[in-house]
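Please arrange chain F on chain G, whose structure you already have, making use of the hints.
Sequence lines, in order, name chains G and F.
So in my numbering, spot 61 of the first sequence is number 61, and the numbers just go up one at a time.
So in my numbering, spot 114 of the second sequence is number 114, and the numbers just go up one at a time.
These aren't lab readings, by the way, just hints derived from the structure by calculation.
It cannot be assumed that every hint is accurate.
Which copy is meant is left open, so a pair is good if it fits within one copy or across any two.
Only pairs whose alpha carbons sit at most 27 Å apart, straight line, appear in this in silico DSS-like list of lysine-lysine [as the list claims (entries may be wrong)]:
id	residue 1	residue 2
1	K160	K102
2	K153	K25
3	K238	K160
4	K27	K160
5	K128	K194
6	K45	K238
7	K27	K140
8	K201	K125
9	K27	K201
10	K25	K160
11	K153	K27
12	K7	K201
13	K27	K159
14	K102	K159
15	K293	K281
16	K125	K140
17	K102	K153
18	K249	K159
19	K238	K251
20	K19	K140
21	K140	K128
22	K92	K228
23	K255	K269
24	K309	K7
25	K327	K297
Protein chains: 2
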Amino acid sequence: MNFNPQKYYLNEISKFEKKYLSTAKGKEPVSLYEPCDYFIESSGKRLRPFLVLLSAKAVGAKTNSVINAAIAVELFHNFTLVHDDIMDNADKRRGRPTLHIKYDHNTAILAGDNLLALAYEYLLKDCKNNGISAVQDFTKGLIEVCEGQSLDKDFEDRKKVSLQEYIIMIDKKTAALAETCCSIGAKLGSGTDKEVNALKKYGKNLGLAFQIQDDLLDIMADEAELGKKIGGDLLEGKKTYLLLKALEKAKREDKKLIKKVIENSGIRKNQIQTYKKLYSKLGVIEDASNEVKRYTKLALNSIKNITDKEAKTTLEWLANSLTDRRK
Amino acid sequence: MNFNPQKYYLNEISKFEKKYLSTAKGKEPVSLYEPCDYFIESSGKRLRPFLVLLSAKAVGAKTNSVINAAIAVELFHNFTLVHDDIMDNADKRRGRPTLHIKYDHNTAILAGDNLLALAYEYLLKDCKNNGISAVQDFTKGLIEVCEGQSLDKDFEDRKKVSLQEYIIMIDKKTAALAETCCSIGAKLGSGTDKEVNALKKYGKNLGLAFQIQDDLLDIMADEAELGKKIGGDLLEGKKTYLLLKALEKAKREDKKLIKKVIENSGIRKNQIQTYKKLYSKLGVIEDASNEVKRYTKLALNSIKNITDKEAKTTLEWLANSLTDRRK
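Just chain G, same shape as in the assembly (with noise of 0.2 Å):
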């Protein structure tokens, strides 16, 4: 029978999410327990769980054996998200009101750093092997995700961001963890440092592929497939990769528009067009496509080695489709 990567990763992800979902079900004090059940209960893709649980197959280990990371790395993330809708100020995530719209923004600051902590505890649940080690990468991941929200606020203030702040900024909020999704789950699944290093390359890149890729949908996807407005980076006045490209690039005229993006902190509802068509004139569109196949290949070229066929299979079916993804 045919391997069928994407069969594996519902398989996976399906077995994850049972478990998951239990981490925070019924504990006391209710007060703390229920707004992280709340979150922990809003649906997602798994995606940096389902990276650990394969780059520990990709050394040779059972998935079982890094179930409690791969829940470390969700809950990490989780714990990301909350405290970032606060500083956000954003009403909605995934559909749901944010934690601290449904509760407070006490009791969302309380149940963030309660994420994080179980977190710790259920990444130290599989620390047999290589376990210190782990952990380090873990905590350094932190401190990069910390250290990227940070430059991503200051950019928010600031009137100039390279193009390449905007990356060193990428690198640390999104890269970082998927790279210690990787880090983790070949460490203790007991992979070879040539594995674990392969696996860290293949987990950066992905996520500065994916990141690259989330700029380029906010204004190429369409509407209804992706859930949520097109152009809503450009309404904000987000400074992402291609609004820093095209000023970059522009010239004249068009740098005058392009500059209007970040000294009216966003642009209204009805040029979103304009700019769609003066990204395709600039080609910063396509500049942005080509990105997201570089950092794919480099994800790819990382993995050539990696002697567990599935694993391999699935690791290049996962880069692929994320680059292919609409929404």
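For chain F alone, coordinates are given in the frame of chain G:
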């Protein structure tokens, strides 16, 4: 020459302080590390790191071998203070503006997160022997502190809180971290299970004594010595050991008076003396004082078999000086 525990404390803390003050200094992004540094720079008794150092010494290890773990618990403690100050809407801390006042809410949330991340980073530097177990205890302490803070916030909104519930809350919010300090110091110092358990018991009971003493000082201390207004807990209607014990003991008119503190969410400034007298009459000041003594004795009893004379003397000195403290 005679061993002087106080000199020993001052000497160890001065070495600690030097290293501690460098933990966030000059790091980037500035927007993240400068607020962290601002908080790290504010002085404190550094009791928690001292418990780590002292517990390592008590099991025969060099304090130097756990100095990073000592830094970790102070960073952890500061993380809780930064987030608690947001939740409590506190303006001042250690005589300076709190972090969210000096900067803003978002900066304080993220700086708090990063202080916790740094805490793990430093702890892991000292994790050679019994490493995973120490990180597990640290994480257990973190979860308890989150739970304790959640209970504390709950109690603010509740009309009825029993003394037993109060003890559970301070056990989690204050005593758990002191217990954690002793546990990781002893474990990283390669103490035996017996030594670890003895020191954990010491830390936990010391923490409980410390918190009830805090409640007592709020009404009994000398204003100039304490450095803040007397009766602050009564003004805020805070459910302290004294208030809950008074509620348990008072009858008729006295009970009505005590209930009023909760019903009106606090009293007026000119009523403080009336309540102080009522507390005396009900005997709850003596009760609290006896509880402090009882927990201190439990702490002292638990370390009877510690063989390192200097460590034992210092542990005894510390427990007694906390009970006798006036601020």
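Consistency of the hints with the structure:
no., hint, result
1, K160 to K102, "between (36 Å within a copy, 26 Å between copies)"
2, K153 to K25, "between (33 Å within a copy, 21 Å between copies)"
3, K238 to K160, "within (12 Å within a copy, 48 Å between copies)"
4, K27 to K160, "between (47 Å within a copy, 22 Å between copies)"
5, K128 to K194, "both (20 Å within a copy, 24 Å between copies)"
6, K45 to K238, "within (24 Å within a copy, 44 Å between copies)"
7, K27 to K140, "between (29 Å within a copy, 15 Å between copies)"
8, K201 to K125, "both (26 Å within a copy, 25 Å between copies)"
9, K27 to K201, "between (38 Å within a copy, 25 Å between copies)"
10, K25 to K160, "between (46 Å within a copy, 26 Å between copies)"
11, K153 to K27, "between (34 Å within a copy, 17 Å between copies)"
12, K7 to K201, "within (25 Å within a copy, 51 Å between copies)"
13, K27 to K159, "between (46 Å within a copy, 23 Å between copies)"
14, K102 to K159, "between (34 Å within a copy, 24 Å between copies)"
15, K293 to K281, "within (20 Å within a copy, 78 Å between copies)"
16, K125 to K140, "both (19 Å within a copy, 12 Å between copies)"
17, K102 to K153, "both (24 Å within a copy, 17 Å between copies)"
18, K249 to K159, "within (17 Å within a copy, 64 Å between copies)"
19, K238 to K251, "within (20 Å within a copy, 63 Å between copies)"
20, K19 to K140, "both (26 Å within a copy, 20 Å between copies)"
21, K140 to K128, "both (19 Å within a copy, 18 Å between copies)"
22, K92 to K228, "within (11 Å within a copy, 42 Å between copies)"
23, K255 to K269, "within (20 Å within a copy, 63 Å between copies)"
24, K309 to K7, "within (15 Å within a copy, 64 Å between copies)"
25, K327 to K297, "within (20 Å within a copy, 63 Å between copies)"
Comparing the model with each earlier hint shows no violations; every hint is respected.
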